[in-house]
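Read off the chains here:
Protein chains: 2
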Amino acid sequence: MRMSLEISLDFYESLKEAIAQRADEKVKAMLEPVRAEDLSAILYELDTDDCVFVFHLLDDETIAEIVANLDEDTRQEFLRNFSPAQTARWINHMDSDDAADLLNEMPLKTREEILAFTELEVARDINDLLRYEEDSAGGLMAKELIRANVNWTVVQAIEEIRRQAEEVEKIYSLYVVDEHNLLLGRVSLKKIILASDQTRIADIYEDDLLAVKTYEDQEDVAEIMQKYDLEAVPVVNARGELMGRITIDDVVDVITEKADLDRQLMAGISEDVEEDDSIFALTRARLPWLIVGMAGGLLGARFIGFFEADLALLPAMAFFIPLITATGGNVGIQSSSIILQSLANKSSFMRGNFLLRMGKVIAVAIINGLVIGLVVFAFSFVLEVSVQLAITVSIALFFVVILASIMGTITPLILDKMHINPAVASGPFITTANDLLGLAVYFTVAHLLFKF
Amino acid sequence: MRMSLEISLDFYESLKEAIAQRADEKVKAMLEPVRAEDLSAILYELDTDDCVFVFHLLDDETIAEIVANLDEDTRQEFLRNFSPAQTARWINHMDSDDAADLLNEMPLKTREEILAFTELEVARDINDLLRYEEDSAGGLMAKELIRANVNWTVVQAIEEIRRQAEEVEKIYSLYVVDEHNLLLGRVSLKKIILASDQTRIADIYEDDLLAVKTYEDQEDVAEIMQKYDLEAVPVVNARGELMGRITIDDVVDVITEKADLDRQLMAGISEDVEEDDSIFALTRARLPWLIVGMAGGLLGARFIGFFEADLALLPAMAFFIPLITATGGNVGIQSSSIILQSLANKSSFMRGNFLLRMGKVIAVAIINGLVIGLVVFAFSFVLEVSVQLAITVSIALFFVVILASIMGTITPLILDKMHINPAVASGPFITTANDLLGLAVYFTVAHLLFKF
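Just so you know, the sequences run in chain order B and C.
Mind the numbering: the first sequence is residues 0 to 451 in numbering that gives the first Met the number 0, read in order.
Mind the numbering: the second sequence is residues 0 to 451 in numbering that gives the first Met the number 0, read in order.
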């Protein structure tokens with residue numbers, strides 16, 4: 000029995016030394032107890048020559064698993080060092096969904112070259128999977144599953160399990176089909192074990208089964224599996240034929256990627272970057288939204304410019320510019336984040352109508368606006384500004400909170416209708432828009448109240 | 000075979016009508032095909048009397064599942080309508096982890112009253128689970144699992160599965176222990192099915208098994224299960240004794256909750272609220288961070304106040320205040336979000352040393368700062384401001400980008416060391432701090448360059 004293996008820096012250092020010395024036996028012995036998932040992490044740190052050396056010490060099955068675990072960029076770069084025939088040998092050992100993902104990343108020519116070398120059955124499965132959109136249930140599923148004809152006996156089903164045991168690593172259920180491959184239900188392995196050999200599958204299978212269609216969105220699949228606590232879900236085509244199976248590990252990755260993507264969008268990062276990416280990649284991912292924010296800032300500067308005369312008369316007006324813009328930004332992000340949460344949780348089937356929702360948003364905004372307006376009014380005396388300016392700021396803040404709430408609520412809903420990820424609405428976009436909105440409200444209120 | 004059930008508004012309306020008429024048979028017939036997970040969603044929409052009516056039509060097992068699915072607040076409010084004896088009857092049907100979670104939410108007195116009515120074995124399991132911290136592996140695990148002695152034969156193991164079949168709904172593996180309950184390894188159900196009856200467990204079990212300790216953090220458990228694609232992981236105590244099992248469905252919830260919490264913190268929402276919570280709850284969750292932002296804004300106002308004389312001489316200085324604060328905020332959030340991603344992904348075991356990381360952060364910041372500074376310098380001519388002011392703004396922006404990058408990088412690292420959720424650093428906190436930082440840089444540079 001073994002605890003989870005944390006690779007220590009010591010281990011890594013001595014491994015690197017052994018690799019540098021090309022000490023075959025030593026490296027082999029060191030890597031022997033390391034899991035494929037941890038080997039991938041190690042390979043990220045090695046240069047290509049060292050990787051190639053390590054690979055010739057490992058068996059194809061382990062390499063297949065490592066390659067399946069690598070991230071897209073590294074994998075593509077890495078596989079360029081190997082021939083299509085070599086890559087095909089690894090693909091023969093991969094699960095069909097991982098193999099299809101890998102080939103999907105490749106130029107069509109390379110893909111065809113590799114498929115020419117894979118086993119016939121493997122190539123057929125992969126070609127079948129390549130037909131589906133990457134983010135659909137079909138793109139997520141694997142072909143590996145155990146299919147049992149409804150007319151079989153338990154002993155026949157067990158024979159099928161034995162035949163496929165190598166191929167299908169994780170078996171939770173047998174999917175029961177008729178002679179036309181129409182999905183009828185499932186039998187859990189538990190039931191198979193407890194049934195007598197001659198029991199008919201027809202007598203023990205559950206027909207109350209959740210299945211997803213090949214064209215369903217992967218996020219909907221994730222929601223279904225999460226809601227009903229499923230470890231696997233069968234995938235059927237429009238005719239109801241059993242096409243594949245999605246397992247929970249792939250769905251967990253979908254959930255994590257979605258959360259990461261939302262966080263990036265909220266933070267105004269336009270590409271999937273990590274701390275250890277290159278300086279160039281990091282800059283490229285960050286500049287676009289910074290430029291958007293800058294454009295907003297320049298527009299704001301232009302706008303305040305219209306009030307230069309007012310400012311010359313009352314420079315204290317400038318004191319409150321950061322307060323106004325910050326409040327607008329903060330309120331907008333809060334509002335859009337609450338809507339984001341609602342959109343993510345589609346299963347709440349009763350959201351009430353749009354006007355009711357907006358009414359509530361405005362009610363919350365009025366309370367927040369009143370509190371903030373009053374507190375700022377009180378504190379403006381500490382800042383020794385005129386009562387007139389204090390009133391201006393408070394009134395402006397009140398309206399900024401309300402308008403920013405409405406903007407923050409409506410923007411993600413509109414983006415979602417336009418099939419743009421609504422998380423964009425919680426990022427620099429909303430902050431920039433609300434900065435401008437806030438300035439407009441503030442200077443308009445000031446201009447009216449002071450009758451410059 | 001059935002597709003995932005979407006509850007339609009029509010169905011809900013006619014159900015509500017039937018409930019209002021207290022039409023026992025009709026309601027029963029309507030609810031019969033609905034899964035427990037969907038029943039929970041319906042119950043959220045009913046008032047307490049209607050819920051109680053619906054409950055008397057359902058069997059204890061279904062109710063147990065519904066109650067386990069409710070969220071904490073609703074559940075507590077709801078259970079107040081039932082006696083401890085009644086609650087105990089439902090708890091008898093729950094998985095031990097769900098039961099422990101439920102009792103954990105209750106006052107000690109109620110908890111003891113309920114436990115007094117549960118079956119002895121159930122109470123023992125629950126009491127065992129209540130000992131662990133809620134966010135540890137022990138707090139996440141369930142006691143339901145199949146334990147096989149290493150000296151058994153396959154047929155003995157199957158007998159054990161039969162004995163426990165009712166209790167343990169999902170069986171993936173048998174956990175193999177010695178006579179002292181020390182965990183030795185596991186056998187998959189697949190292997191059990193394919194082995195002959197008289198095969199000894201000792202000959203077929205895998206000893207290369209991942210297990211977690213009771214005291215491990217639930218987020219570490221989630222990371223391990225995700226990395227190694229596990230559908231279940233056994234939990235052992237410090238002595239290595241098998242204590243329970245964590246299944247992937249609970250870990251998926253951990254991952255989702257963590258993502259939701261991070262998003263809330265980034266958006267400056269201090270409590271777990273949803274769109275359909277009360278106006279009061281929504282306001283309470285939003286005001287704290289708005290007040291923080293406001294305090295920052297007032298400090299900013301105070302700070303700009305020091306430069307009132309400068310502003311009177313050159314009102315155009317105020318034009319660029321939103322640009323400066325927005326840029327600082329955007330850069331800060333980007334930086335902290337990248338660090339957040341690194342912190343979440345602890346498995347990258349080689350992050351390099353701190354100085355190298357900061358060097359890279361500063362390199363990226365210098366490039367971004369140069370680009371933004373130059374673009375703004377170019378555009379300032381469109382705005383018809385003096386060359387001197389354009390230079391001031393550009394230089395200030397350059398330094399703001401660098402300082403905000405450093406702040407955004409260091410803050411989450413410090414929070415993490417202090418065991419505060421580092422996602423706080425990507426919220427209004429960093430924006431407010433960077434607003435102030437930006438203002439300080441801008442007015443200092445201006446004061447120096449213009450020699451007011």
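Simulated from the structure, these hints should not be mistaken for laboratory data.
In this text the structure is predicted, and so the values were computed from the model without any measurement.
Honestly, I wouldn't trust all of these hints.
Covered by chain C, according to a simulated footprint, are these stretches of chain B (three or more residues, beta-carbon under 8 angstroms) [said to hold, decoys possible]:
id	region
1	194-200
2	266-274
3	292-304
4	321-330
Straight line, CA to CA, 35 angstroms or less: simulated DSBU-like cross-link-like pairs of lysine-lysine [stated by the list, open to error]:
id	chain 1	residue 1	chain 2	residue 2
5	C	Lys-27	B	Lys-15
6	C	Lys-190	B	Lys-27
7	B	Lys-190	C	Lys-190
8	C	Lys-15	B	Lys-416
9	C	Lys-257	B	Lys-212
10	C	Lys-212	B	Lys-169
11	C	Lys-27	B	Lys-226
12	B	Lys-226	C	Lys-190
13	B	Lys-190	C	Lys-25
14	B	Lys-257	C	Lys-27
15	B	Lys-25	C	Lys-190
16	C	Lys-169	B	Lys-257
17	B	Lys-190	C	Lys-226
18	C	Lys-359	B	Lys-190
19	B	Lys-25	C	Lys-212
20	B	Lys-27	C	Lys-226
21	C	Lys-15	B	Lys-15
22	C	Lys-212	B	Lys-226
23	C	Lys-25	B	Lys-15
From the three backbone atoms N, C-alpha and C, an ideal C-beta is built for every residue, glycine too.
To see whether the hints hold, each was checked on the structure:
Three residues within the 8 angstroms Cβ limit are the bar, and the region 194-200 of chain B against chain C gives 0, so the coverage statement is violated. Counting residues of the region 266-274 of chain B whose beta carbon lies closer than 8 angstroms to any beta carbon of chain C gives 6, which reaches the threshold of three, so the coverage claim holds. A stretch counts as covered by a chain when three or more of its residues have a beta carbon under 8 angstroms from one of that chain; for the region 292-304 of chain B and chain C the count is 10, and the coverage holds. Only residues whose C-beta sits within less than 8 angstroms of a C-beta in chain C count toward coverage, and the region 321-330 of chain B has 9 of them, enough to reach three; the restraint holds.
At most 35 angstroms may separate the alpha-carbon atoms for a hinted pair to count; C/Lys-27 and B/Lys-15 exceed this at roughly 67 angstroms. With a C-alpha separation of about 29 angstroms, the suggested pairing of C/Lys-190 with B/Lys-27 holds against the 35 angstroms cut-off. Taken as a hint, the B/Lys-190 and C/Lys-190 pair is honoured in the structure, with Cα atoms around 15 angstroms apart against an allowance of 35 angstroms. For the proposed pair C/Lys-15 and B/Lys-416, the alpha carbon gap of about 30 angstroms is at most 35 angstroms, so the pair holds.
Between C/Lys-257 and B/Lys-212 the alpha-carbon distance is near 29 angstroms, which keeps this suggested pair within the 35 angstroms criterion. Restraint check for C/Lys-212 and B/Lys-169: satisfied, since their Cα atoms lie roughly 24 angstroms apart, inside the 35 angstroms limit. Of the supplied pair hints, the one linking C/Lys-27 and B/Lys-226 holds, its CA atoms being roughly 23 angstroms apart against a limit of 35 angstroms. Of the pairs offered as hints, the one joining B/Lys-226 and C/Lys-190 holds, with about 30 angstroms between alpha carbons and a cut-off of 35 angstroms not exceeded.
Among the hinted pairs, B/Lys-190 with C/Lys-25 is consistent with the structure: their alpha-carbon atoms are about 33 angstroms apart, no more than 35 angstroms. Restraint check for B/Lys-257 and C/Lys-27: not satisfied, since their Cα atoms lie roughly 39 angstroms apart, outside the 35 angstroms limit. As the CA atoms of B/Lys-25 and C/Lys-190 are separated by approximately 33 angstroms, the hinted pair is consistent with the 35 angstroms bound. Taking the CA atoms of C/Lys-169 and B/Lys-257, the gap is about 28 angstroms. The hint holds against a cut of 35 angstroms.
As the CA atoms of B/Lys-190 and C/Lys-226 are separated by approximately 30 angstroms, the hinted pair is consistent with the 35 angstroms bound. A distance of roughly 57 angstroms separates the Cα atoms of C/Lys-359 and B/Lys-190; the hinted pair therefore is violated under the 35 angstroms criterion. Taking the CA atoms of B/Lys-25 and C/Lys-212, the gap is near 31 angstroms; set against the 35 angstroms cutoff, the hint holds. Restraint check: the Cα-Cα separation between B/Lys-27 and C/Lys-226 comes to about 23 angstroms, which is no more than 35 angstroms; the hinted pair holds.
Proposed proximity of C/Lys-15 and B/Lys-15 is contradicted: the alpha carbons are some 68 angstroms apart, above 35 angstroms. Under the criterion of a C-alpha separation no larger than 35 angstroms, the hint pairing C/Lys-212 with B/Lys-226 is consistent with the structure, at around 27 angstroms. With a CA separation close to 71 angstroms, the supplied pair C/Lys-25 and B/Lys-15 exceeds the 35 angstroms bound.
Of the numbered hints stated above, those contradicted by the structure are hints 1, 5, 14, 18, 21, 23, listed in ascending order.
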